[in-house]
Each structure stands twice: as structure tokens, then as C-alpha cells.
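Based on these hints, arrange chains B and C on the given structure of chain A.
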Amino acid sequence: MSDGLEMKVTALQNEVINLKQQLQVLQDIEDIKRLQCAYGYYLERWMSEEIIDCFSNSPEVSGTFVEGTYKGPEGIRAYFGKSREQPPEFLHQVMQVSPVITVDPYGLRAKGRWYGYGTVAFRPVNNTIDPNIMSVVYEMEYIKEDSVWKILKLALQLHYSYNMRRMLGMTGEDEPAAPEGSLELHPDERAEFNTSYPSGYIYPIHFVHPVTGKPTSEVKRNARLKLKPNPFKPAE
Amino acid sequence: MSDGLEMKVTALQNEVINLKQQLQVLQDIEDIKRLQCAYGYYLERWMSEEIIDCFSNSPEVSGTFVEGTYKGPEGIRAYFGKSREQPPEFLHQVMQVSPVITVDPYGLRAKGRWYGYGTVAFRPVNNTIDPNIMSVVYEMEYIKEDSVWKILKLALQLHYSYNMRRMLGMTGEDEPAAPEGSLELHPDERAEFNTSYPSGYIYPIHFVHPVTGKPTSEVKRNARLKLKPNPFKPAE
Amino acid sequence: MSDGLEMKVTALQNEVINLKQQLQVLQDIEDIKRLQCAYGYYLERWMSEEIIDCFSNSPEVSGTFVEGTYKGPEGIRAYFGKSREQPPEFLHQVMQVSPVITVDPYGLRAKGRWYGYGTVAFRPVNNTIDPNIMSVVYEMEYIKEDSVWKILKLALQLHYSYNMRRMLGMTGEDEPAAPEGSLELHPDERAEFNTSYPSGYIYPIHFVHPVTGKPTSEVKRNARLKLKPNPFKPAE
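Residue numbers (our numbering), protein chains in the order written: chain A, 1395 to 1630; chain B, 1395 to 1630; chain C, 1395 to 1630.
Next up, chain A with everything else stripped away, as it sits in the complex (with noise of 0.2 Å):
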């Protein structure tokens, strides 16, 4: 009897760490939810530490924008830390949704995809608010150090933005544009091209296929199309 009791217990034990092992998953899969929701709500009003403290202090550590990437843990103080002190005007609304997180098998890396969508406002005008609507898709690496996920490496390609009355021709020609493509930025690397509407670039996924296991067809796609050069890339 004790030997079979002995095989019961050996078998417990070994369904508790397969039960550890799943539950974790999706622990960890909360906890990253949680972070990029977090900064989110941080990026809203462009709290400039609170973003910074998402990120990891690796080397690895990157940041990549419209205009290109910004490396290492300086490159992203600088680029988050700028702008600190905005006006009660600035909104930088960015709703994180629609996560596809995937944990590597060892569950102290995972990566994300995310679509950012929202609004942007500078002033007031005519007594309210000025829509720019932006629309992002995020993909993400992140890393576990001491049982904590950070963020490793934040990616986004743009959509599209536009500020909905100079989409519909309703400013004058005197009217400066919005202050944001105005800074000055100097990113690390220069992104090559403009991969924002109507480019048709679909921003590389990480993730296979749900249900076939297989890469989708993403890279033969943007192979197909004619890119322009990034805007944002001064000209040689």
C-alpha cells in the first residue's frame, strides 16, 4: 500500500509543477497586460519618469518611432525625458488594446503585440479640443529581472495621424502646424522608410499563426510594395 501511495505522491508532484509551470504563463501574461496598460496611462499626460521606470535598464534597451531608434538606457531618458514639463493643453492619449502576448519557454523573455489608438490635442481651438487621432501598432520584447517584467524593447509603426480639421481642409494656411513633427529628434539609427498609410506595410509579427503553428505572410507582402524613404531621414 505505501508503494502505491509513494507512486500517488510522485504523481501529485509532478502535476503540481506542470500546474506551476501553466499557471505562470498566464500570470506572466497578466503582469505584461498590466505594465503596457500602465504605460499607457503614464503616456497620457507624458509623465516622463513613470515611462522611463518601465523600461529595463539593459543595454539591450531600445525605443523605435517614427523617425527611428532611439539605444540603451540613455536613448530612452532622452527621448522620454524631453518634453517634460507640457501645458495642461497637451494630451497624448494613447488606449492600449487588442494584446497578443507570447512568453519564451523559459519565461524570463516574452513579446507583444498591441495596437495604441487615441487622441492627441496641443490647444484648444474654437473653445475645445483640436482632435489629432493616432492610431499605432506596438510590437514589444520584454524581460522578467528579479520576478519584475520590464519593457525591452518598445517598436511602433504608425498608422495614421491626422488632425481631423486639417484632414478635412478646415485651417488656414497661416495656422502652424502641430507642434509634435516640429521637435528636433535625433535618433540613434534613422528608420529608413515611411511604412504609414498609404505605404500597405504590415508591421512584422511576432507571433505564428493561432491555429496552423506557421509564420504568416507578412514579409512576402512588404517585399511586393514600393516604400518611400522616411520623411524624417535628412537627405544625404
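Calculated from the structure, these hints are not laboratory results.
Small disclaimer: the values here were computed from a predicted structure and weren't measured.
Errors might be hidden in some of the hints.
Claimed, not checked - Calculated lysine-lysine pairs in the DSBU-like style (CA-CA distance at most 35 Å, straight line):
hint: 1; chain 1: A; residue 1: Lys-1414; chain 2: C; residue 2: Lys-1414
hint: 2; chain 1: C; residue 1: Lys-1622; chain 2: A; residue 2: Lys-1476
hint: 3; chain 1: C; residue 1: Lys-1608; chain 2: A; residue 2: Lys-1544
hint: 4; chain 1: B; residue 1: Lys-1505; chain 2: A; residue 2: Lys-1608
hint: 5; chain 1: B; residue 1: Lys-1622; chain 2: C; residue 2: Lys-1476
hint: 6; chain 1: C; residue 1: Lys-1547; chain 2: A; residue 2: Lys-1538
hint: 7; chain 1: C; residue 1: Lys-1547; chain 2: C; residue 2: Lys-1620
hint: 8; chain 1: B; residue 1: Lys-1505; chain 2: C; residue 2: Lys-1538
hint: 9; chain 1: C; residue 1: Lys-1414; chain 2: A; residue 2: Lys-1402
hint: 10; chain 1: B; residue 1: Lys-1505; chain 2: B; residue 2: Lys-1622
hint: 11; chain 1: B; residue 1: Lys-1544; chain 2: B; residue 2: Lys-1608
hint: 12; chain 1: A; residue 1: Lys-1544; chain 2: C; residue 2: Lys-1476
hint: 13; chain 1: B; residue 1: Lys-1505; chain 2: A; residue 2: Lys-1538
Showing chains B and C alone in chain A's frame:
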């Protein structure tokens, strides 16, 4: 003492079975959310094969859109297989948000309600995006086959879809309407009614109230409405 | 050997207790997300009873909206019980997205931050929808009673809400404003300040920073703002 130990082991075995079941439901919910969000990313540039691969091959499979229902794997293939070669200017961004997922007690079927929201665009106007804002509510059915969740039934109510310039009366008379509606549509079953705004129709909710456990009042509310015929239904 | 077995069983018991606790928190988070998303679907067509049933009957219950706070179950019932018979043209779509849910250590209370985003419409104009784009941030409190999560406190900051045509200056002078603001509002406690755009106000964040574990800087930032009086507060 050995008797006591045996009882403890039996109790543990039962606890582990319960934990496994509870964990499996959470895992199923996460897997289904992942599937649906992946579907949304594939929809953005109409990646036909990837979309079709999200569906089961069961004869029960169907897709219900504004014009009616496409049935069986052939119906899904016919619907999503069209328009494979979209020009780069085509964007069909539908962000999948606000999931309520209900796994049935056997763990092999599930239902889900989601919002789909985003921007559809066909070509640039005045060198910028010409946004069509689209909002739908989905009621989904999922099936687990060989341990993999797939879409069994996709059904949507179109809340509204408006071209921003047209809604504001800012298009010329000679400007063609967006091409989407002009496709020839051949659903296996035509939708009877127009349930878009301002019909007041509440798409039937698959889940009971999370607090009371009771069915909700949309059936009774819908019965009071005078719905108009579906505009896609040909005159008989 | 039996001694060793006993130790293994004791270790397993402890592991199973830990697993149960960890799993319960994930289950609670999923249940709360489900509750909040269900709330959003009921809100779309102002399903009064279903909305009210999402709340606890505790005297602690409250709902805080732009004009102030409604207290107790009667306050919730007064607020959501009004406007029961909306015409079909009324749409109040508020998609619930970007959750950060924090369950307290005893597992009977929780907090959550969400964005609500969507389209409110009162009647068609020019045979199409007349969209009011609305964006709020929620800070929620939840309570678990008899194993069921319910809303204890719902509080929101209105980021912005704009009628698209009015924002663009495209309505006639004689056109009445949307009816929502003209309802008589009788909160139990009036809101002091106008925290909508462009106030710069950051709605206090219930959660500490996910990486540093520290409180965030919004209290300090808000203190620097000169907020205007709440427009719904009657002159004394």
C-alpha cells in the same frame, strides 16, 4: 498514521483536479482572446489565408455580416478569399476590444462578445487618409479541436460606419462612394433587417448577467422596434 | 521512508495552497474584467436594470460623474433609472478598454482603472449618424459578496466629449445642443472642479508603478494646476 496520510493524498488529488479544471478555463479564455486579437491583426490588410485559417473546417462554420450569412468552410473561403490583392491604400483596421468570453462546461465550445472598432480607408484624399469610422459588435462561437481553439461562428452587427467627409457633407456629388458596398454579395442566407444605427437594435447577448445570473432584456426591447428591411436584400 | 513521504505530502499541501491563492487572484481579475465589459455592453442602450444590477447594494456604493457623486443604492438607482425609455436613435456606446486591476490581499475588494471610449448619438442628421466622440477614464472599486464581484464605486473623469460637427463649426445657430447636458442633475455631492480637457488634470491612479512599486507623480502634478469651477455647480 498511514491511514491519515492516505486521506491527505486523496484530498490533494481532488484539490489538484479542481485546480486543473479552473486553470484550464482561464487558459481557454486567454487562448480565445489571443485567437480573436490575431484575427483582428490579419483583417487589417485582408490577409485572406490567415483569416480563413482562424476558422474550423466543421460544416457548422459560418460568418454573418451586414448582408447575411455565409455557410460552411466554402462560404468562409468565398467571403474572405475575395479581394486578395488589395492595393496598398486599402486599410481595414478593426481593433478587437472588450471581450466577454464564456467557456461551456465541457470545455470544447465557447462564446464571446467583442467590440470591433477602427478605421477603414480605400484611398488617400488630399494627400491624407480618408477615414471611414467603423464600429461593430461581435457574437462569436468557438470550438476546440485537437486542443486548439478555432472560430466556429462569427456574427456581427454593424453599429455604424461613416465616411467622415461624407457624414459632414464635404464630398462632391461626382465623387464615387467607397467601393466596399459595391461588391457583389452572395450570402447563403440574406439578413432580414437593417440593424444599424438608428435601428435601436441590441445584438442578442450570449451571456447571462454576471451578478444576477439572469438573461438580459434585449429580446423584449428588440421586439418593440420597427426594423426596416435590410438594404442588401434584393426586392422579390 | 514513511517519514519522507509525510514531508513530501506536507510540502505538496503548501504548494497547493499557494497555487490556489495565485489562481484565485487571476480568476478574480478575469471575473472583474468580465463584469466591467458587461457593464459597457448594457450601457450602450441604457439597459437600466442590468446596469443597476452590476452594483452592490452596500450603503458604500457610489457613482461619480462629471457633475458630482450619487450615493448609496438609491443614488445609483436614481442615476441609472432615469431615461429608461430611450428612442431607437439613442446610442451610448462606451467601449471598456485597457484594464489595470488590483485585487487587495484579502481578495474581497479590488480596484480598477479603465478607459471608456466610444460614440454617443442622439438622433440622425442628414440621414446619418451625428457622432459625439466621448472619452473617459474610470477608477473603479469592486466588492466580492457571496463569491460574486460587483461594482462598489464607479468614478470617472471626462477627458473630452465633442460633437464632431459642432467641434468643426458646422452646426447652425438654431440647432439645439445635444440633450444630454440639459437633463436636470441632482448629485448628492457636487464636483468642485472642471477636470476635462484642457484642464491637464490626471485622474488619481490607484495602482503603484508596476516596476518600481512607488506611487506616481499625479498628485504633485495636479497641485500645480489652476482648475476652473465645475460648470455643473450652481452659483451660490
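A quick look at each hint next to the structure:
1. A:Lys-1414 - C:Lys-1414: Measuring from Cα to Cα gives roughly 10 Å; hence the hint holds.
2. C:Lys-1622 - A:Lys-1476: holds (28 Å)
3. C:Lys-1608 - A:Lys-1544: The hint holds at about 15 Å.
4. B:Lys-1505 - A:Lys-1608: Distance ~25 Å between Lys-1505 (chain B) and Lys-1608 (chain A) Cα, so the pair holds.
5. B:Lys-1622 - C:Lys-1476: holds (28 Å)
6. C:Lys-1547 - A:Lys-1538: holds (34 Å)
7. C:Lys-1547 - C:Lys-1620: holds (27 Å)
8. B:Lys-1505 - C:Lys-1538: Holds. Lys-1505 (chain B) to Lys-1538 (chain C) sits at ~25 Å (cutoff 35 Å).
9. C:Lys-1414 - A:Lys-1402: holds (20 Å)
10. B:Lys-1505 - B:Lys-1622: holds (28 Å)
11. B:Lys-1544 - B:Lys-1608: OK: Lys-1544 (chain B) and Lys-1608 (chain B) at ~28 Å, within 35 Å.
12. A:Lys-1544 - C:Lys-1476: violated (45 Å)
13. B:Lys-1505 - A:Lys-1538: holds (33 Å)
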